[in-house]
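Residue numbers (this note's numbering): 1 to 57.
If you are wondering where the hints come from, they were derived from the structure by calculation, not from laboratory data.
The reader is advised that the hints may include incorrect statements.
Below 25 Å or equal to it, Euclidean Cα-Cα: the simulated DMTMM-like pairs (lysine to aspartate or glutamate) are [as the list claims (entries may be wrong)]:
| # | residue 1 | residue 2 |
| --- | --- | --- |
| 1 | K47 | E7 |
| 2 | K43 | E21 |
| 3 | K51 | E31 |
| 4 | K27 | E53 |
| 5 | K47 | D24 |
| 6 | K50 | E31 |
| 7 | K43 | E53 |
| 8 | K55 | D26 |
| 9 | K43 | D26 |
| 10 | K50 | D24 |
| 11 | K50 | D26 |
The following label-pair restraints were derived from C-beta to C-beta distances [claimed, not checked]:
| # | residue 1 | residue 2 | range |
| --- | --- | --- | --- |
| 12 | Y11 | K51 | 34 to 44 Å |
| 13 | T38 | P12 | 13 to 23 Å |
| 14 | P2 | K50 | 12 to 22 Å |
| 15 | Q25 | I52 | 38 to 48 Å |
Ideal Cβ placement from N, Cα and C applies to all residues, glycine included.
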Amino acid sequence: EPRLLNEFVLYPFYRQFQLGEMVDQDKVRAELRYGVLTVYLPKVAEKQPKKIEVKVG
C-alpha cells in the first residue's frame, strides 16, 4: 500500500479529514503501532446493475 502522507512531530496535534462518498465510512479503522498511526479507508463496493427478466408475448 502506498503511503500518501508522512509526518513527525514532538508535540500533540489534531488532524481532521473529510471522507468522500467513495469511502465506506462503516469500515474505516486506524491502528497505532510503535508510534506509527495507520488509517485504513476502504472503498465503497461498486453497485452491480440489477438484471430484470422481461417476458414477451
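Taking the hints in turn, this is what the structure says about them:
no.: 1; hint: K47 - E7; verdict: 35 Å, violated
no.: 2; hint: K43 - E21; verdict: 9 Å, holds
no.: 3; hint: K51 - E31; verdict: 40 Å, violated
no.: 4; hint: K27 - E53; verdict: 34 Å, violated
no.: 5; hint: K47 - D24; verdict: 13 Å, holds
no.: 6; hint: K50 - E31; verdict: 37 Å, violated
no.: 7; hint: K43 - E53; verdict: 30 Å, violated
no.: 8; hint: K55 - D26; verdict: 39 Å, violated
no.: 9; hint: K43 - D26; verdict: 11 Å, holds
no.: 10; hint: K50 - D24; verdict: 21 Å, holds
no.: 11; hint: K50 - D26; verdict: 24 Å, holds
no.: 12; hint: Y11 - K51: 34 to 44 Å; verdict: 56 Å, violated
no.: 13; hint: T38 - P12: 13 to 23 Å; verdict: 19 Å, holds
no.: 14; hint: P2 - K50: 12 to 22 Å; verdict: 34 Å, violated
no.: 15; hint: Q25 - I52: 38 to 48 Å; verdict: 30 Å, violated
Of the hints listed earlier, those the structure fails to meet are numbers 1, 3, 4, 6, 7, 8, 12, 14, 15, in rising order.
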